[in-house]
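Asker: Could you build the full structure based on these sequences and the hints that come with them?
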Amino acid sequence: LYDRFQALDKEQKGYLSKYDLQGIGELAVNPLGDRIINAFFKEGEELTDFRSFVRVLAHFRPMEEGKSNDTGRSEPMNSRLRKLQCDTWHDGVLLHGWGA
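Numbered per my numbering, the sequence shown spans residues 58 to 157.
Quick caveat, the hints were computed from the structure, so don't treat them as lab data. Heads up, a few of these hints could be off.
[Said to hold, decoys possible] Calculated lysine to any residue pairs in the SDA-like style (CA-CA distance at most 25 Å, straight line):
1. Lys70 x Ile81
2. Lys99 x Ala85
3. Lys70 x Asp91
4. Lys75 x Glu102
5. Lys67 x Val86
6. Lys99 x Tyr76
7. Lys70 x Glu83
8. Lys67 x Ile81
9. Lys99 x Leu84
10. Lys67 x Phe117
11. Lys99 x Gly80
12. Lys70 x Pro119
13. Lys70 x Gly90
14. Lys99 x Ala115
15. Lys67 x Glu102
16. Lys67 x Arg112
17. Lys70 x Glu100
18. Lys70 x Pro88
19. Lys99 x Leu58
20. Lys70 x Ile93
21. Lys99 x Gln63
Answerer: Laid out in structure tokens, this is it:
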């Protein structure tokens, strides 16, 4: 992950901007690309460091069969369902999948 972060940080600033992530071709053609990019940034922030970068990507790691990494919840944090939820309006309300 650190190598990927450094490759995206072409100017070696130690952080990434939305512009840096918009340069990823797969995100440019993905209909959810903007939502994915915005997930890396807290509301009102324009930069993300390596620690925050890893924290966001951890939600997308594959689930191990038969294991839950979040015992206090009925649905593990990185389950398929939770990966499709997003707080589009930053109001604490999660939308599922393509909700508007």
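Asker: Would you mind marking each hint as holding or not holding in the structure?
Answerer: Against the structure, the hints:
1. Lys70 x Ile81: It holds: about 18 Å lies between the C-alpha atoms, which stays within 25 Å.
2. Lys99 x Ala85: 21 Å, holds
3. Lys70 x Asp91: Holds. Lys70 to Asp91 sits at ~22 Å (cutoff 25 Å).
4. Lys75 x Glu102: 10 Å, holds
5. Lys67 x Val86: 21 Å, holds
6. Lys99 x Tyr76: Distance of about 15 Å is within 25 Å: holds.
7. Lys70 x Glu83: 23 Å, holds
8. Lys67 x Ile81: Given pair Lys67, Ile81 holds - Cα atoms ~12 Å apart, limit 25 Å.
9. Lys99 x Leu84: With Cα atoms ~19 Å apart, Lys99 and Leu84 stay inside 25 Å; holds.
10. Lys67 x Phe117: 24 Å, holds
11. Lys99 x Gly80: 20 Å, holds
12. Lys70 x Pro119: Status violated; Cα separation ~30 Å.
13. Lys70 x Gly90: 23 Å, holds
14. Lys99 x Ala115: 16 Å, holds
15. Lys67 x Glu102: OK: Lys67 and Glu102 at ~20 Å, within 25 Å.
16. Lys67 x Arg112: 21 Å, holds
17. Lys70 x Glu100: Distance ~21 Å between Lys70 and Glu100 Cα, so the pair holds.
18. Lys70 x Pro88: 29 Å, violated
19. Lys99 x Leu58: 20 Å, holds
20. Lys70 x Ile93: Holds, at about 22 Å.
21. Lys99 x Gln63: OK: Lys99 and Gln63 at ~21 Å, within 25 Å.
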